[in-house]
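S.K.: Chains G and W, in that order, give the protein sequences. So for the first sequence, this note's numbering puts the first residue at 1; every next one is plus one. So for the second sequence, this note's numbering puts the first residue at 1; every next one is plus one.
Treat the hints as calculated values from the structure; they're not laboratory data. As the structure is a computational prediction, the values presented were derived from the model and not from experiment. Any given hint might turn out to be false.
Heads up, simulated DMTMM-like pairs for lysine to aspartate or glutamate below, C-alpha to C-alpha not over 25 Å straight-line [as the list claims (entries may be wrong)]:
| hint | chain 1 | residue 1 | chain 2 | residue 2 |
| --- | --- | --- | --- | --- |
| 1 | W | K59 | G | D16 |
| 2 | G | K35 | G | D7 |
| 3 | G | K220 | G | D25 |
| 4 | W | K59 | G | E91 |
| 5 | W | K59 | G | D7 |
In silico contact screen, one side only, chain W against chain G (beta carbon under 7 Å); selected entries [unchecked claim]:
| hint | residue |
| --- | --- |
| 6 | D54 |
| 7 | H105 |
| 8 | P107 |
| 9 | H111 |
| 10 | G131 |
| 11 | M132 |
| 12 | A135 |
| 13 | N155 |
| 14 | A162 |
| 15 | N254 |
Over 12 Å on every C-beta distance to chain G, these chain W residues come out as not near it, computed from the model [unchecked claim]:
| hint | residue |
| --- | --- |
| 16 | E23 |
| 17 | H26 |
| 18 | A56 |
| 19 | R65 |
| 20 | M83 |
| 21 | E97 |
| 22 | G100 |
| 23 | M128 |
| 24 | E251 |
| 25 | H257 |
Ideal placement from N, C-alpha and C gives every residue a C-beta, glycine not left out.
If you want the building blocks of each chain, they are given just below.
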Amino acid sequence: MRNAFADEITKLGANDPRVVLLSGDIGNRLFDDFKHESPDRFFNCGIAEANMMSVAAGLALSGLRPVTYTITPFTTTRCFEQIRDDVCYHEAPVIIVGTGSGLSYAQLGPTHHSLEDLALLRSLPGMIVFAPCDAVELRLGLRAALLQDAPVYMRIGKKGEPIIHSEPPDFQLGRAITIRPGEHTCIISTGNMMAVAIEAADLLGQDGFSSRVESFHTIKPLDTSRLSDIFARYSVVAVVEEHSRSGGLGGSVAEWLVTQDGLRGQMLGFGTDDVFMHEVGSQDYARRKFGLTAENIARKMLERLTGDTPANG
Amino acid sequence: MTTITQIEDLEALGRRIRGKVIETSHRTRTPHLASCLSCIDVLVAAYFEVLRIDPARPKDEDRDRFILSKGHGAMALFHVLAMRGYYPESRLDGYGEDGGVFAEHPPTPSHLPGIEAATGSLGHGFPMGVGMALAARINQRQYRVFALVSDGECNEGSTWEAALLAGAHRLEHLTVIIDYNKWQATGRSEKIMALAPLADKWRAFGWNACEIDGHDMDALVGQLHQTPDGSGKPRAIIAHTVKGKGVSFMEDDNNWHYRTPSADELVAAKRELGLLP
């Protein structure tokens, strides 16, 4: 995803003189094309993310469209107050891009994991929270973000994620995309877990349960009309994210769900546990540890589906 | 060149605004009075003599920007902006009232004309000013950016992050004024975080720095006018100030960081300022 981001922001920057790219001293060579195309609008702000965020707010309040880019925890948890006060309180249209989100950098240890960023950022008034499932959604979302007069948090993976959308989908921030239809159950996913969600749907299909898959690329504003449709139709709905089960997409859906009457769906949340990961491991290892695998998701859903009683739907 | 008469007028204005701020503090029980009194002369010099601003056009793209990074001086700024013509002074009769915009810190620019940044948490306004100065360069505009920070605010790491970036990019249209009153909320700033030598610190970060008496209107106007100074560096004006300046029983007494004046103290203060016979 990060190469797609670099490519897309280079194109957008070349066409829109308001675009200013701020980097927190990462992405060595990644932005060479941007620097070549728009040399006066790239700033390496150093390893000083709090200042970078305030600077971005100052640029945005001066009519520009700053985009900050660094590793997710450094541009979210480290400078949360700058995002809250300088960006969101001022309604400054800053695009905050966190790269290597979730467990993308599992092997770098918990300092580089981001499993609480969705919870934090979606709590801020006015913030749009976006997590594309692939490079196609990322490009569409970045273009859409530049058209907003509001701050946007964009949570992206690393590189080499599979392409989910073979054709560019009809895209709008805040509107979920149906990846595939299904008769019996539904998996909602956000960000880089989509390939796993699709694989889980395939496994359920082998057991005779046709599974719908939805890309909730926008966590805030939440597409509640799509949720209403899903939870009215299916008795079991899984929410899958590479984020803590506290406060992310699952948390957001659950908050909404308890306020609704007459929906039959029960939610099954898949995310990381409330722990720091002290042992070393790859992204795949970390996902297995937290049950974020197609096999586990399919198995848990199957248990719920086959244990279905009239009482719970 | 500012004439002697003009300087005297600015000094008189400073006394009048001190009176209004002390009255507001008394009436509404608003703290941070001493912090306001220490920076009023800086605000008066900037807003009434130096800044290229038009209160009738607060969003003019070429206006100079002034950011009160030490947001707890808001009560002073609110009175200065009213007297400068951004809104009627009578609007401040509603200071602190439920549903109003005048909190103990500045609201956002969209809620009060003349405000450039909503501050209050320290170490935010100045870095936002660095962004505004960078924007001037990108947009090829000549406006200047001034940020008033407190010495306590120089505790914040983000202040020094911003200083490093501004130094690296040689933002010569940017000036920081440090309201160096030697106190922070609960003690002497030197004992808490060892700020001295403060001018040398800014110089070491790639800035030009000067030290002046922050209540000497002539010196304030003269130094603020020098931005940009042609050296290609941002400027730090270390304004040596007295917390509680202008009222003998408040000067250099840090109790007035939180205390508010009684009716008798209000009268005594106004007498000292020559506002009552």
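S.K.: Give a verdict on every hint.
M.R.: The hints, checked one at a time:
1. K59(W) to D16(G): 22 Å, holds
2. K35(G) to D7(G): Roughly 12 Å between the alpha carbons, so the hint for K35(G) and D7(G) holds.
3. K220(G) to D25(G): 28 Å, violated
4. K59(W) to E91(G): 16 Å, holds
5. K59(W) to D7(G): 35 Å, violated
6. D54: 18 Å, violated
7. H105: 10 Å, violated
8. P107: With a minimum Cβ separation of about 9 Å from chain G (threshold 7 Å), the hint on P107(W) is violated.
9. H111: 10 Å, violated
10. G131: This interface hint holds because 2 Å falls under the 7 Å limit.
11. M132: 4 Å, holds
12. A135: 3 Å, holds
13. N155: For N155(W), the interface hint is violated, since the closest Cβ of chain G sits about 14 Å away, which is over 7 Å.
14. A162: 5 Å, holds
15. N254: The hint is violated - N254(W) has no Cβ within 7 Å of chain G, the shortest such distance being about 26 Å.
16. E23: Consistent with the label, E23(W) stays out of reach of chain G, its closest Cβ about 29 Å off (over 12 Å).
17. H26: The claim holds: H26(W) sits with its nearest Cβ about 30 Å from chain G, beyond 12 Å.
18. A56: With a cut-off of 12 Å, A56(W) remains clear of chain G, as the shortest Cβ separation is near 20 Å.
19. R65: 9 Å, violated
20. M83: 25 Å, holds
21. E97: 21 Å, holds
22. G100: Nearest chain G Cβ is 17 Å from G100(W), so the label holds.
23. M128: Check fails; 4 Å does not lie beyond 12 Å.
24. E251: 32 Å, holds
25. H257: Given that every Cβ of chain G is farther than 12 Å from that of H257(W), nearest at about 22 Å, it holds.
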